[in-house]
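Student: With chain B fixed as given, assemble chain C onto it according to the hints.
2 protein chains.
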Amino acid sequence: MKIIIIGGVAAGAKVAAKSKRELPEAEVHIYTQDDYVSYSSCGMPYYIAGDIKDWDKLIVRSIEEFEKSGIHIHTRSEVTKILPADKKIVVKPLDKEEWQFIEYDKLIIATGASAFIPDFANIKNKRIYTLRSLNDGIALKEGMNKANHITIVGGGYIAIELIEAFVKNKKKVTLIERSPFVLSMLDEDISSLVQEYILANSNNLVKIINNDTVSEILGEEPVLDIVTSKGYGFETDMVVVSAGVKPNVEIAKDAGIEIGTTGAIKVNSRMETNIKDIYACGDCAEKINMISHTPSWVPLGSTANKEGRVCAINVCGGVEDFEGILGSAVLRYDMLNISKTGLTEKEALKLNYDAVSVNITKRDKAGYMPEVKNVTLKLIADKRSHKILGAQAIGCGDADKRINTVSVGLLQGITVEELIDVDLTYAPPFSTSIDILISAAQILKSKLN
Amino acid sequence: MKIIIIGGVAAGAKVAAKSKRELPEAEVHIYTQDDYVSYSSCGMPYYIAGDIKDWDKLIVRSIEEFEKSGIHIHTRSEVTKILPADKKIVVKPLDKEEWQFIEYDKLIIATGASAFIPDFANIKNKRIYTLRSLNDGIALKEGMNKANHITIVGGGYIAIELIEAFVKNKKKVTLIERSPFVLSMLDEDISSLVQEYILANSNNLVKIINNDTVSEILGEEPVLDIVTSKGYGFETDMVVVSAGVKPNVEIAKDAGIEIGTTGAIKVNSRMETNIKDIYACGDCAEKINMISHTPSWVPLGSTANKEGRVCAINVCGGVEDFEGILGSAVLRYDMLNISKTGLTEKEALKLNYDAVSVNITKRDKAGYMPEVKNVTLKLIADKRSHKILGAQAIGCGDADKRINTVSVGLLQGITVEELIDVDLTYAPPFSTSIDILISAAQILKSKLN
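Chains as they are written, first to last, in this note's numbering: chain B, 3 to 451; chain C, 3 to 451.
Isolated chain B (complex conformation) (with noise of 0.2 Å):
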């Protein structure tokens, strides 16, 4: 049994792992395109901002140490194209001019996701950055110890874990977001606050420039300029593109397998394609939303695990599903906690719920406790079967205790009137004696009402 698997991030080393566990008499080889595999992408704005003091630290599971486990690893070769008739991969090692064949049994599709890249004229200069390979960190890290004044264009997760990296450092920042406000993901009445957190707490080093976008990159090494669409233009050291991603699905859409409406790679719950022996897995593929039940695509490293460890089960004759995503995410800024689960209230309404929210601001603990902080909590509820559809919490206490504990109500389908009957953990240096989860569900309920 010869599994193949392209790609050696997050899901793609996770398929490795577990398959050699399954099935220590598999071959099990991973071919990617880069210098390392098996390493925590999530945790390069943490190296950036100088937290982690070596790159390293980064690397889940060596090189050396897949090796000794038995499982090959080819850096440095890119898979051009998927050959499912014949059951084989066309590699092309990256220094060398040759294309070798290799035959696979199954197949496995890690491709991960790329960096949208706006069509700037200029995008080839050396000072423009993206973030998403542990190269580019490095790179990233290397640019920022040399500016003065670094441009973010796109204020999603990243860009601000970027911010707080820039602001450590004591780097100028100016972040241009299209939308109204950074982290478009969220609802506004959210996403406001943190906007303004983000200013209030930068030690006024950030500048953020909403409703626009960057039009044009000019000039050379060491200044560029910026010309944004509506004419404001400024002067930087560094630019980074964090203006989304998108995944890498080409060798897989010229192999004929199917697509997902989201763009990426069509899945079933095992982690199968529509092509036999060939699976994806990881941020190249296409997800369920547990809610919705409709196509999503979130590209994460938690799901990525766990959609590999199910891949590889299956891949190895057991059977294992993976039942999808509840878009469920966390961040943090300075002291702000940013968490959220489900559905927003806008994505709610697009999908046609009859969504009701409300949105209150408490103590996380015992307000006598020196150590008490306050949380927002958004709750999202549909007005037809008052089933809870999506939460998000911000504040410097502790938001993402409570954003957990809605997750797991919504993989079942908890109602306003369940969630008021949670028995929630309480000590004054763990919260109030009604929890602002429930206080929130008792208000949504009388709003249900």
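Some residues of chain C that are not near chain B, with every Cβ distance over 12 Å (derived):
| id | residue |
| --- | --- |
| 1 | D107 |
| 2 | A117 |
| 3 | I130 |
| 4 | T176 |
| 5 | L195 |
| 6 | S204 |
| 7 | K209 |
| 8 | D214 |
| 9 | S217 |
| 10 | G235 |
Okay, derived cross-link-like pairs now, DSS-like style, lysine-lysine, Cα gap no bigger than 30 Å in a straight line:
| id | chain 1 | residue 1 | chain 2 | residue 2 |
| --- | --- | --- | --- | --- |
| 11 | B | K375 | B | K174 |
| 12 | C | K20 | B | K375 |
| 13 | C | K170 | B | K375 |
| 14 | C | K447 | B | K268 |
| 15 | C | K375 | B | K367 |
| 16 | B | K172 | B | K148 |
| 17 | B | K367 | C | K143 |
The hints are simulated quantities; they were obtained by calculation from the structure and are not laboratory data.
Cβ atoms here follow ideal geometry from the backbone N, Cα and C, with glycine treated the same way.
Tutor: Showing chain C alone in chain B's frame:
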């Protein structure tokens, strides 16, 4: 409509406030033996520790605020009898030799619980303390200030919080616990780790004597002599009896109100007793365990608040049910968080579940984050149904988050397989890419099959 409430700490205060909001024209009275109403008993260890400087910070709502909102507070007033046939109570002011007969339309018993006092000869000694009321807390702090060595009898939640308070004040502490480890409500594979942590993090000020009880307290001020059942003897300056609590049910029992098998007042989900127009809620009332559906008595401030709310709605003519408890609890000792929900393994076995468990230790955040700590998580499931029965977590990392997440699952009878599918939030400062909860569920799944 005249609503009379006996007791005014958590449940009683909540019934009063909520009833007045639901039915502004109602006449609402609280009768209590105490000098205070509406305070946080749970906060007293932090007042004793010195984390909270003034005890009045523990008062949630002052008597003046109650009176201003039209709620009549009668402190230092003992209710000596309930006369259900006449719909009257008999009140004896503590400071006067008189008895008042007060009529009610609806009567709410919220008499709380008292410290269980073992049968020592010398129990009236001024240097023997308990901790239930705010007056107890104030006296205990004054007592502590004069002591060098303090003996704690019993090793439950409050005892552990008091060790922290005493160690912070540089007092020597000897704790005597009849079980092999403190926190005997937890399974021993967890409670043993807690005891180990306490001993290792108490500046050598704490000694714990297990498998023994106090048989006698002899002597007079300023020094008491403790003699244990095993014949061990030592001198101490002060004793805190924290050997459990018992519900205050005497007047209820005397009035013919049904007492449940747990010794607390039997109520239905509307908080109604067996006698029309008499309700009970808070620590004096029996609860239903939502997992086993058996009567249970876990007196906690969070439950008392919820029951008070439900009680008030029903008292005022609405309809609301209190579904029960899950046995969720949390406490902190120094940096260690200790949290549980649902049944322990020993409780599950006692209730004839075919309990299987897993106990794992894992990092609470990505391993490369500077603030990473460990969490130990025990997950218990039923072998026949695969349903999760309970969880316990301890650690200097975020243990409580994982337990609240399980709580919601328990409410809905989540299985081990379903728990694996939960989409928990992930970012390096918050969890590992496969959260310890998911890892534990994955291991438990393989144990079940």
